[in-house]
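Here are the chains, one letter per residue:
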Amino acid sequence: MNVLSKFTVQALKRNRARTLVTIIGVILSVAMLTGATTAIFSFQNYLREAAENAIAQNGNWHIKFLGIDAAFAQGLDADDAVERTALIQNSGCARLEGGQNQNRPYLFVAGFNDQAFKTLPVILLSGRMPQNSSEIVISEQIQTDGGVKYSLGDTVTLEMGYRIRNGQKLGPNDAYPYLTEVQENLSEVHEEMFPNISSEDFQAQTPRTYVVVGVCANPIFLYSRAPGYAVITQMDTANASNTCDVYVTLHSPTPDQVLDFGIQHSFSPAPAAPATAETSDGFAAQGSSGWEVSNTLYSGASWRLYIVGGILIALIMAGSVLLIYNSFSLSVSERVRQFGILASVGATRKQLRHSVMLEGVGIGIIGIPLGILAGAGGVAVLQHLWRFLAELLNWGDLLEVPALSVSAIAVTATALLGMATILISAYIPARKAAKLSAIDSIRQTKDIKAEAKAIKTSKLTERFFGWEGVLARKSFKRNKKRYRVTIISLFVSVVLFISVNAFGLYLNPTPASPDSTEGYNIEVQDTWEWQEQSRKAGLVINIFIYGFIGLLTLIAVATVFNTISTAIILRRREFAMLRSAGMSGKSFYRMLAYECLSYGVRALILGIPVSIGASCLIYERIRNASMDVPFMLPWGSMGISVLSVFILVFITMLYAIRKVNTENTVDVLKNDML
Amino acid sequence: MEILRVENLRKTYGNHDTPVHALDDVTFSVEKGEFVAIIGPSGSGKSTLLHILGGVDTPTSGKVYVNDTDVYAQNPDQLAIFRRRQVGLVYQFYNLIPVLNAAENITLPVLLDRRQVNPERLQELLQILNLTDRTEFLPNQLSGGQQQRVSLGRALINAPALVLADEPTGNLNSKDSQNIIDLLKHSNEKYQQTMIVITHEENIALQAHRIISIEDGKIAKDEVIRR
Chain S
1 MNVLSKFTVQ
11 ALKRNRARTL
21 VTIIGVILSV
31 AMLTGATTAI
41 FSFQNYLREA
51 AENAIAQNGN
61 WHIKFLGIDA
71 AFAQGLDADD
81 AVERTALIQN
91 SGCARLEGGQ
101 NQNRPYLFVA
111 GFNDQAFKTL
121 PVILLSGRMP
131 QNSSEIVISE
141 QIQTDGGVKY
151 SLGDTVTLEM
161 GYRIRNGQKL
171 GPNDAYPYLT
181 EVQENLSEVH
191 EEMFPNISSE
201 DFQAQTPRTY
211 VVVGVCANPI
221 FLYSRAPGYA
231 VITQMDTANA
241 SNTCDVYVTL
251 HSPTPDQVLD
261 FGIQHSFSPA
271 PAAPATAETS
281 DGFAAQGSSG
291 WEVSNTLYSG
301 ASWRLYIVGG
311 ILIALIMAGS
321 VLLIYNSFSL
331 SVSERVRQFG
341 ILASVGATRK
351 QLRHSVMLEG
361 VGIGIIGIPL
371 GILAGAGGVA
381 VLQHLWRFLA
391 ELLNWGDLLE
401 VPALSVSAIA
411 VTATALLGMA
421 TILISAYIPA
431 RKAAKLSAID
441 SIRQTKDIKA
451 EAKAIKTSKL
461 TERFFGWEGV
471 LARKSFKRNK
481 KRYRVTIISL
491 FVSVVLFISV
501 NAFGLYLNPT
511 PASPDSTEGY
521 NIEVQDTWEW
531 QEQSRKAGLV
541 INIFIYGFIG
551 LLTLIAVATV
561 FNTISTAIIL
571 RRREFAMLRS
581 AGMSGKSFYR
591 MLAYECLSYG
601 VRALILGIPV
611 SIGASCLIYE
621 RIRNASMDVP
631 FMLPWGSMGI
641 SVLSVFILVF
651 ITMLYAIRKV
661 NTENTVDVLK
671 NDML
Chain C
1 MEILRVENLR
11 KTYGNHDTPV
21 HALDDVTFSV
31 EKGEFVAIIG
41 PSGSGKSTLL
51 HILGGVDTPT
61 SGKVYVNDTD
71 VYAQNPDQLA
81 IFRRRQVGLV
91 YQFYNLIPVL
101 NAAENITLPV
111 LLDRRQVNPE
121 RLQELLQILN
131 LTDRTEFLPN
141 QLSGGQQQRV
151 SLGRALINAP
161 ALVLADEPTG
171 NLNSKDSQNI
181 IDLLKHSNEK
191 YQQTMIVITH
201 EENIALQAHR
211 IISIEDGKIA
221 KDEVIRR
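If you're matching them up, the sequences are chains S and C in order.
Using the numbering used here, count along the first sequence one by one with no gaps and you end on 674.
Using the numbering used here, count along the second sequence one by one with no gaps and you end on 227.
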């Protein structure tokens, strides 16, 4: 083994306690990273599968325009952004003779062009696809729901015509006056949306004869609530004046691009003369021409996921660097003298840096696999807990939350991120160790930069806390840098804790209405479902946010514990001197108690105002999201923060002092001569 | 042949208003194979001088040439390699790496150079230092005299042109002290190594070829007492 490696390994072994704390820190942060990467990749997988399913169900398209004419479709074809267009011709509507379902009295005949057969899923149950405009494939629902049986090879003559209400012609997806159960529940809203929902007439025009060549599952272009059944035929090119629905596939667009495309094409050129134009076979252009974006677009949108995931990972890494950096920094400052000796016998800066980095690699080799195991275990436990809760509280639909599975890619990403975290943490102290001049390191003269001016203490301190207070004040001022990490850790966790709690305060009220991205075909029922869904989603988000904050707090606690205890242990020589000069145990405790007080107060003086600021910002954001709630100060969490900060600092101090007190004064003083 | 030349060396501590001159315009040179003792009261600047010669401290101004190389014109890496190959430093408080055993501490400069340790050279050195049966011991398992011999071994392993010792016997009893001085004299005579030793013990100084006496950062006396 290389001599510097041995030097490193021995140093790690000699400082078992701190090495252990460092490794625990690494395990903690890697476990959190595992959770984050697993969640990200699992959700990504879920979204990809959802998108694939959606494509299989709805077809592979991005945006559809309803009730357009052939010229409009040609205009779309000319657009460079368009990859392909699939057309469905509204070939007309007929009454279903002998139909049993009074809500669905019609047959809707749709003429597919070749592209439509490729783009839109038609699931053939028996027979074959139509090869000309007099062959049809019929929906199986005609039999299962409508109770009318046609056999393959049957010749059917349909009285083609159009639906008409108050002088307006209606399209296949326009509602039929009979209300469904759900719609009745929401009849108030419904009446607002459809004020003219009175009766409608059917006007027969021309009979047409078709041959049944196949039966298919109910196709998606017809809503399940449409007042009739689908009949698919080949598009009649001779009858090009019929209106069409066009399903457009763009060249790999973002959702925003698709929306822009929709807006652009719905206003210029305007969809050809809707509502009035009557076609040659008497079937009207429908009144509700518009456009709608495919839901595949949003279910596949993982870029949002990456942003949220990236922020999460950055937060975890920042917290971890704080903790791990501190461990390395202390490990290095304990060994400054040894680095000096190595430098004086000719170790280069690079060699010294590498020695510290190697320490990081060693800790990573132990900590990262354990962290990944802990993370995987945590994920499994969380998932079981989730299932259990969901079953217990009867959240049926939340049982279908995507399954978290620790994938190879998540593990690899975690290992790399974990190693990066450790190496970033190790690099700063490594550089510091290598930069010191050899003789400064051996003498350890650069550790304390004391200037008389900086160490002045106020008379007030002396009056209230006695000379122990003055001493504490001095050592605090002298070691400002050493305790900066402690104060930053306390500060960060206080701010995070309070501001997330503030966020939680506003999150609990019922959510506002959804923002509509889907053109103007919002379903009332969907809104209702959305609210129910978002209430539960809010709960899920709450649970995850608090879990996350809990873990970050744990890291902060470990950091604070690590910094304060090691700093005190590093000062054992100073303490031994004080005791050899006759300082009593009581005075000693008073001095340290005063020191604790200054860390806590400092962290809180910084943390509380910043948290209040953050709470205000959160309030602003939430108010902008059209919610009418009064501003609330998170008093409860502020109280908890103040209390926890002092408890944590004092417990740590007591632990460290007990450790220092077990040592013999003379041994400590002698030990330093080495 | 001149192995070391020091020109107008200054080292100043403290700030602009209250400067402390640890070394004040020191100029001298040392021939190859010379055994030089540096004496002077504490705080006279002799340790600072030695550390600057060894490339572990930096001068405020002035030049140090070892084998005609301007020591402080080198970049940090070259300086590290200079310390590794050209000089051997011995300190009063040994300065061994506590986690490495005696043999590893001795061979440290070779190992840092990523070279193989020549086992014959190591054996010879261990024999001279009387440490053959202590190679596996850690520094805290060795007596003061043994630790100083390990430290001396570390200074000698690369057969450096210049061996610099800062009160090498300051922490030892008289028997161990003489033992160390004998070892220094031995490698001075046998390998023609140049020795510069700081001491405050007259009997040790008198065993050198030349005594340089330093007071208040200046050379007060520089006399050759034997050839």
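Rather than coming from a laboratory, the hints here were simulated on the basis of the structure.
Incorrect hints may have been included.
To be verified - For lysine to aspartate or glutamate, the following EDC-like pairs were computed, each having C-alpha atoms within a straight-line distance of at most 16 Å:
id	chain 1	residue 1	chain 2	residue 2
1	S	K118	S	E83
2	S	K659	S	E574
3	S	K350	C	E202
4	S	K350	C	D77
5	C	K32	C	E136
6	S	K6	C	D77
7	C	K218	C	E7
8	C	K190	C	E136
9	S	K435	C	D77
10	C	K221	C	D77
11	C	K218	C	D77
12	C	K63	C	D24
Hint by hint, which ones does this structure get wrong, listed from lowest number up?
When the structure is compared with the hints, numbers 3, 5, 6, 8, 10 and 11 turn out to be violated.
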